[in-house]
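A.B. asks: Chain by chain, the residues run as shown.
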Amino acid sequence: MPQPFSQEQVARHKQANIMLSRVAGSLYWMSRYLERAENVARLVDVNLQILLDFGQVSDETLKEHWLPILRSTDDEDLFFQLYENADSESVTEFLTFRPENPNSLFSCISSARENARQVRDQISSEMWEVLNEAYHFIKSADATRVWHDGASAFYDQIKRYSHLFQGITVSTFSRSEGFEFIQFGKYLERADKTTRLLDMKYHILLPKVTDVGGAVDAAQWHAVLRSASAVEAYRRFYVADILFAKVIEFLIFQDSFPRSLVFCLQQMDHFAHLIADVPEDEYRSPGERRFGKFLNNLHFTTVQDIIQQGLHEFLMEVQDEIGAFGSHLYNTFMFAPPVDLQAEIRFHQQQEQQQQAC
Amino acid sequence: MLFDNYQPEDFFDEMFTADGSVRPHYRGVADALNPVDPGEFRNKQAAVEAAFMRGGVTFTVYSDAQGTERIFPFDCVPRVISAEEWDVVERGLIQRLTALNLFLHDIYHEQKILKDRVIPPQYLLTAKHFRREFMHFEVPKDVYVHICGSDLIRDRDGRYLVLEDNLRCPSGASYMLENRAALKRTFPELFQASGVRPVSHYPAELLKAMQHCAPKNFDGRDAPQCVLLTPGVFNSAYFEHAFLARQMGIPIVEGRDLVVRDFKVFMRTTAGLVKVDVIYRRIDDDFLDPSVFRPDSLLGVPGLVNAYRAGNVSLANSIGTGVADDKVVYYFVPRMIRYYLGEEPILPNVDTYLASEPEDCAFILDNLDKLVVKSANEAGGYGMLMGPWASRQEIADFRVQIEANPRNFIAQHPISLSRHPTWVDDRFEGRHIDLRPYILCGEKIVVTPGGLTRVALRKGSLVVNSSQGGGSKDTWVLRHGVR
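If you're matching them up, the sequences are chains G and C in order. Under the working numbering, the residues of the first sequence are numbered 15 to 372, in order. Under the working numbering, the residues of the second sequence are numbered -3 to 479, in order.
To be clear, the hints were calculated from the coordinates, so they are not data collected in a lab. Glycine included, each C-beta is placed from N, C-alpha and C at the ideal position. Possibly wrong hints are sitting among the right ones.
[Claimed, not checked] Incomplete in silico selection of chain C near chain G, CB under 8 Å:
id, residue
1, GLY51
2, ILE90
3, ALA189
4, GLY191
5, ALA233
6, ARG252
7, MET263
8, ARG290
9, PRO291
10, GLY299
Using the sequences and the hints given, assemble the complete structure.
C.D. replies: Listed below in structure tokens is the structure:
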């Protein structure tokens, strides 16, 4: 009898560790959401601190300061549905506490924990407890108090939860398929966030052309580096001034720095090979080949090429590639299409009737 | 001293005799706790609660849109059962589950117990959870109930009585294990030389019971593939499902993770479909398979029953066990024990009246303000009338319901449940308790020494359910020869 639904294949080999597709998906999203939370925390924290350097600022300056941040995460429209003015308090609240914003810290941590809850039997108790603690921490905090008690301490704590979680994962979680999904999710999210950080600068409108290379410009690039926790590492490489080409080069190509684009892409490639169970230098499916080609091209690209092409255009292309590869892996290994329940019910009822007729 | 002002009052107190002296098997606990400063006890109690919150040992309050999570309140004074007392309880529980499994086999086959008029047939045939479709179906190794939780209470004389049997998906075993772990962390000194029997082997025993009932072939693998089927993360008992699956090292699956092909159950993994042999299901019969039972169920797996009938997958518990925890059928369990085993019941039932017997019914209706009335198929403390504490309106409502459908009701005299010292408002007060032991049936019947002691935290309340202000305690069974 023809079956009314797509046929999934019975596993070819007997696995040592069986992993449900749903579980793989939850581990992946758990990891991505926590990484996203860490990035948002750093972004807000750094930008609040920069404002302190500016001294008294007008409403207009504040708006110019915060808008690019909202644009870089594609959240501008949602923001203006909820608020009239983009100032420090409204943007901070939006990016930190608003449940309506799926990318707010609160939403990210809740989602990370909710995904962890679905796979509590799979992760170590220590991993779960950190996420659970982070959730209760942010749930019991409120904007006004954070604002008054010093925002930096609050965001530091969020970053610390993320780092703690990563450390605990490395030291308590088996190096099995689950680990590969967690790492793949983390590096994908981080690669994406690094491109958005760099792109943020594109959205900042400098008042005058002469400001390029000036004090404001340098301060802004400094902020970008800090948002990626990269200032100290950058200084170790380029000691002196913060120059925009050097910053770009560092954040894109420095393959020893764990938040640079190339580092993250290489890690994605590495873990994707482990997940697909394919040797490191082979690319078999169309999705893998496309990503391999892209990665290879990147190795032969210089920072001058990028500036010539336009940083923004380059970053858009990178985001597309990351998105495509992420979807490819997700659809291949993590997404189990929902069964058509009604078709299934009819099918099994018919089978039973045939059985009885025999 | 911490217990100095404690009043046992006019109840059976687990820890103190009527004249106020400590019972022998509680001496260790009394000696260890008495010198503790009240402030320190308060701190430790708070520390346990914080640890449960951090660990997510919580249940979700359904009625709350905020998704508030609460811990199941835990009381730090353990409930202690002496070795001699436990021997009797254990034998009684094994006897009872043996008879219940024989009963289930009988009524799904020859129905001798009905033909011999030991149980009037109409009671069985009208039981809500009797699954006619499974007549003459062979369950693996003739075990119907693999996991059983029978609720025990003690009356004013300290006699153990069976209040009800839970033969479908009894819950709470995870709290038994978490409570023990929590008390060990908080009061390690209590355990020194206490002679408490461990409970930590429960998950291993549960897995053994599952493997025992596996279908004959499992495709050349060394061990059958067992899974735990949960309704999902929004179920209030999800914590327990995840906990037990993790302890047993088996996957926890939802209905959408499973698919049935060629009368076999598969789970959808990253490498493709993998066959499943045994399912510990935490979903009621009605929701198990929408192609057979409730078609609106989104929790189940279409085709699961076909695979089960074909003998390609085993379920723990089997389908149709709910017929034996119908509260009307409960009434007949002592008769089953005599009929199948030729023995006297070791653990008696609570005296029960059946509303469907005309004489009993007249008595019930005349005494609604003195009796506890229960619906035959409700659990969790719902569908119940506590006569002496009920309003006139509630009594009138129940009268109408009973007259309309007498088959659905039983009544019992309120039992003055035993009490136990419990930490309330910074001191010890007596609170009513019960006991849910966990009985597993695999190759043989194993009773975990202890179980879940539930305590009604509200003063004077007899309702111990977590949904209605109940808490719990660690439950100790002592080794023989421990003083």
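A.B. asks: All hints, please: hold or fail.
C.D. replies: To see whether the hints hold, each was checked on the structure:
no.	hint	result
1	GLY51	6 Å, holds
2	ILE90	31 Å, violated
3	ALA189	29 Å, violated
4	GLY191	29 Å, violated
5	ALA233	13 Å, violated
6	ARG252	6 Å, holds
7	MET263	6 Å, holds
8	ARG290	11 Å, violated
9	PRO291	6 Å, holds
10	GLY299	4 Å, holds
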